[in-house]
Amino acid sequence: MKKLMLLPLAALVGASFAASAQEPMTQNFDYISGGLQISKFSEDLLSEANANTGTLATTDGGAGLYLRGSWNFTDNFFVEMRGDAVAADDMTLSNGLLGLGYFMPMNDDLTVYGLAGFANTRYDLDVKTPIGTFGGNETQSGFTGELGARYQVMDRWTIEPAVRFAAYDDTMYELRLGNNVKMTDHVSLEANLSRNDYDAFAETNFQLGARYSF
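Residues -21 to -1, 1 to 193 in mature numbering (1 follows the signal peptide of the UniProt record, and there is no 0) are what the sequence shown spells out, letter by letter.
Among the clues, some could well be false.
Unchecked claim - Label pairs and their computed distance ranges (CB to CB): (1) Y152 / G33: 31 to 41 Å; (2) M133 / V106: 47 to 57 Å; (3) P140 / T32: 16 to 26 Å; (4) L154 / Y81: 19 to 29 Å; (5) A146 / D39: 23 to 33 Å.
Unchecked claim - Derived EDC-like pairs (lysine to aspartate or glutamate); straight-line CA-CA distance at most 16 Å: (6) K19 / D39; (7) K107 / E169; (8) K161 / D134; (9) K161 / E2; (10) K19 / D176; (11) K19 / E153; (12) K19 / D68; (13) K107 / E27; (14) K161 / E139; (15) K107 / D69.
Please keep in mind that the hints were generated in silico from the structure rather than gathered at the bench. Glycine included, C-beta positions come from ideal geometry on N, C-alpha and C.
Starting from the given sequences, assemble the full structure and let the hints guide the process.
Put into structure tokens, the structure is as follows:
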């Protein structure tokens, strides 16, 4: 999961330094962003299992980080990667995505796009026993597709609604609303809300971070 999050991001950063950020906010797909994430779960997840003390604990949420990068490598095509991870006690829940997209400007204020690629979700738990600590995990992965838009509400404020599915064992659906507030020609603040719905579990994510556009 860490390789999925970090290797594509390094490639995106290196390739994007030659790009320009003079397009309208809705049409700039050359950027990196990241920040803090707080997640709430619809069902409690096991967060601690310690056979030494007889402890079993659960959690209804976690805190962590998110990363995102996009590279508009030719015409209206772009490559995008996303990764996020939250933790509580000895538990980590992470999501990753790598996809190829195409955007279509409708005007300077509105751009629509589509994206297809690969996504995964992983649950990790460190179990403590008298003979050591053992890591267990459950991973779901598969094809993912997304449709979204960018709409410039005000001179410095753009909203980014999107809907996505991932073909896991049970199809996952994501609804997302991003908010991007421009501070300088290259730097903006992000405030994002998303909900990932699985078959019997849902994850609601709150993100606050910054974006650097090239």
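Status of each hint after checking the structure:
Between Y152 and G33, the C-beta spacing of about 38 Å keeps the proposed range 31 to 41 Å intact. Between M133 and V106 the Cβ separation comes to about 50 Å, which falls inside the hinted range of 47 to 57 Å. For P140 and T32, the hinted distance range of 16 to 26 Å is not satisfied, since their beta carbons lie about 46 Å from each other. The supplied range of 19 to 29 Å is met by L154 and Y81, whose beta-carbon atoms lie about 21 Å from each other.
Roughly 27 Å separates the CB atoms of A146 and D39, a value that falls within the hinted 23 to 33 Å. For the hint linking K19 to D39, the alpha-carbon distance of about 6 Å falls within 16 Å, and the restraint holds. Restraint check: the Cα-Cα separation between K107 and E169 comes to about 38 Å, which exceeds 16 Å; the hinted pair is violated. Only pairs whose Cα atoms come within 16 Å are accepted, and K161 paired with D134 is accepted, the gap being roughly 9 Å.
Restraint check for K161 and E2: satisfied, since their Cα atoms lie roughly 13 Å apart, inside the 16 Å limit. The hinted pair formed by K19 and D176 meets the criterion: a straight-line CA distance of about 12 Å does not exceed 16 Å. At roughly 14 Å between alpha-carbon atoms, K19 and E153 fall within 16 Å of each other, so this suggested pair holds. Distance hint between K19 and D68 is fulfilled; the C-alpha atoms sit about 15 Å from each other, no more than 16 Å.
The hinted pair formed by K107 and E27 meets the criterion: a straight-line CA distance of about 9 Å does not exceed 16 Å. About 14 Å separates the Cα atoms of K161 and E139, which keeps this hinted pair within 16 Å; it holds. With a C-alpha separation of about 9 Å, the suggested pair K107 and D69 falls inside the 16 Å cut-off, and the hint holds.
The structure does not agree with the numbered hints 3, 7 stated previously, though it agrees with the rest.
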